[in-house]
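Q: From first to last, the protein sequence lines are chains A and B. Numbering of the first sequence is given in the UniProt record's numbering, commencing with residue 1 and proceeding in unit increments. Numbering of the second sequence is given in the UniProt record's numbering, commencing with residue 1 and proceeding in unit increments.
Derived from the structure by calculation, the hints contain no laboratory data. There could be a bad hint or two in this list.
Treat identical chains as interchangeable: a pair holds within one or across any two.
Mimicking EDC-like on lysine to aspartate or glutamate, the simulated pairs with C-alpha atoms at most 20 Å apart in a straight line are [said to hold, decoys possible]:
#1 Lys336 - Glu232
#2 Lys385 - Asp430
#3 Lys385 - Glu212
#4 Lys186 - Glu162
Number of protein chains: 2
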Amino acid sequence: MSTAALLTDMYEYTMVDAALRDGTAHRQCVFEVFTRHLPSGRRYGVVAGLGRILEYIKNFKPSDEDLAFLRDNHIVSTDTINWLENYHFSGTIRAYREGEMFFANSPVLQVEGTFAECTLLETVILSVLNYDCAIASAASRITSAAGSRPCADMGGRRAHEEAAISASRSAVVGGFVSTANLAAAKRYGIPCIGTAAHAFTLVHDSERDAFESQVQALGTGTTLLTDTYNVEEAIRTAVEVAGSELGGIRIDSGDLASMAQKARHQLDALGAKNTKITVTNDLDEYAIAALATAPVDSYGVGTRLVTGSGHPTTSMVYKLVEREGADGHMHPVSKKSFGKSTDGWRKRGLRVYEYGLAQGELVLAGPADKINDWAASQSEYEEVKDLSIIAIDHGTIDESLMTREALFAARDYHNEALRELPVNALSLSDGEPAIPTEVVTLN
Amino acid sequence: MSTAALLTDMYEYTMVDAALRDGTAHRQCVFEVFTRHLPSGRRYGVVAGLGRILEYIKNFKPSDEDLAFLRDNHIVSTDTINWLENYHFSGTIRAYREGEMFFANSPVLQVEGTFAECTLLETVILSVLNYDCAIASAASRITSAAGSRPCADMGGRRAHEEAAISASRSAVVGGFVSTANLAAAKRYGIPCIGTAAHAFTLVHDSERDAFESQVQALGTGTTLLTDTYNVEEAIRTAVEVAGSELGGIRIDSGDLASMAQKARHQLDALGAKNTKITVTNDLDEYAIAALATAPVDSYGVGTRLVTGSGHPTTSMVYKLVEREGADGHMHPVSKKSFGKSTDGWRKRGLRVYEYGLAQGELVLAGPADKINDWAASQSEYEEVKDLSIIAIDHGTIDESLMTREALFAARDYHNEALRELPVNALSLSDGEPAIPTEVVTLN
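Just chain A, with the same shape it has in the complex:
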């Protein structure tokens, strides 16, 4: 059986093995996921992947096959195998919502539990967040640049085949409306779209034959690919075949702005005033911004979406910030590594608003009771928002966060949160984060 238990680095198991022997495995711990910096020049990042993480944690318990692998390869001792047979994450996870913005040092996800149960989740949590946030962050910039024109994910072929499915999901968080990827459509209920490939035209004896076949199969509402040979001829043939009710045409090469403009004039002259023009061809936020004045109706985005538009990972790390000591109390811990030091104590991310406009990210650090007291005392101030939700409460997963509805709600949440940021957040040029982050230690 396939579980998530081996989506781990070996050292997680060997650390647990050693810690079970010496007793520290049972110490209460708080681990946090954050990034030390946004990708160079980016104004904000977008959280995605929480629903997927919860699926993995739900299915983390090692199978007999997993345990046999760990035993036969002498990765852990028999005592640890026995402990793993009863593995169940009984801790608590607090996380930024999917669709929420994050910045450097935002406590995107916090895992509280015993050292052993938290340690095993490091790799799978980081893998999901590092990829999914990279894609959602790129998607957000792309859909911002597209304005009211819908964006469709067509990137499956340019990413690892499973990453592609997650990319479709993260693209929705960042504002995409549809995907070409069937596995993503099935798994997440994302609306599925498609046109045709050049091969479909080429396998036929003529472009007209291909268009006739496609219209016969899919109706006049279909989108015909018009750049296999000559775009002008193709459009003429397309309207002859489908009539002026032709749904759309796709252009996949050349100078898209002037080709779209010419196509629009030609379509209008042929009476196909409602025929949509969709363009594809290595589009990203910059290319789409440059097409703003061209008569384009929708964008298909591939490579640049699924590779995070230049930033394919988010540099999220998973760090121990607080743990139980021999005295039974929680203590802050931090490493001093040069350039990679960490701050002790658990954190809480809040966003401060003025007239509904975000002014900054406030990261509180401190003992749990002090943070809770502060948060309670501030509840009367409407203009401070707690950015995190409890996704797992003492082992009980909030399964509503794993649904299709949660995915589309994340997109709505993201759209709203983006409108609350200063307008420079929407700038595509390199610059400072949209809002400053301040870390305040309460103790």
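Chain B: place on chain A using the hints.
A: For chain B alone, kept in the frame of chain A given last:
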């Protein structure tokens, strides 16, 4: 049941649906995978992923659940569902070996069969090749820069969790010796390695406690992480705890060259002359080249490996180049799209050598019989190598290409093929491809 049948873009199914109605679905076709250009400045690319593609093709037949999805969402007609129920790829796939170099226009993979059976494989073949080749290409540069020092994949956490497993595999093709990722170790039999995280030191009351625990669990041959607080103190403690037989130390921050040098002096002075030094921290081929003179024994490589060291995808495309016409004969086909035109006829990639040194890539294009005649007539010349092998022969998969042995054989093949390239192939600076490619049409 999980099959590969939905690792497809929707248009592949709708094209098949239309082509089944009009009869072109049964036309014999040749599709080819190639890239129009290497990533900017790269001297060569490395093929990886063929074994994974064969696994997918073996498991491509849609399950009842897949068929229900296609039917319920009206993606294809009932006739097409009936056709899909009996899907079996009965065609032939010729491909560059895993570990082989490729250049712009190298016919990396060629799929021959009916239009319908070949069309459905487009996305899954491209997804695998685009990702796996990107990682193997980066891995090759990284291991070249590392020379005789072994490289371990530690990138799982910085990539999508399933991509991470494929990255470990592709890293082996490119010369890596081990991985931290347990799922990859289990699936592909890759040697697994690990040290400890900073959290392990932090959860203990002291660094000494942590080191004692790790040595107790894993023996003195283990590798201790020494940069949580102060490297010099940590090394002193490490040797006190483990003795001079300590297996290794890991440094994960700071100026790695001078820290390694200092650590080596300190270890030697403490009598731990055989204790290895492994370094990690956002390493790539450039950082590793800069460490050549530092006393480092091995490298752990993460982010930059799994993101293709700046080039996370390979821009491979899947194009129809030849198909049966109404006359029953094969005809070359090509699209004219501006900047993305293709050349008709099937291709065959050959490498030409002189004194055992590769001089160029010769890509023959033409009808099957002419290519076969040419290849046969050239067999007397030892200095021309046919770069492709038959991976699927009329539906029969060469399952030896899917084994663990094939993976490690690919690494050996790659090492040899790299030695046969002009030495400028090993240059890390941007430049021209290591050898020129010439396309010759035989007709």
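Q: Now, for every hint given, state plainly whether the structure supports it.
A: Outcome of the hint check:
no., hint, in the structure
1, Lys336 - Glu232, "between (65 Å within a copy, 13 Å between copies)"
2, Lys385 - Asp430, "neither (27 Å within a copy, 48 Å between copies)"
3, Lys385 - Glu212, "neither (56 Å within a copy, 45 Å between copies)"
4, Lys186 - Glu162, "both (13 Å within a copy, 18 Å between copies)"
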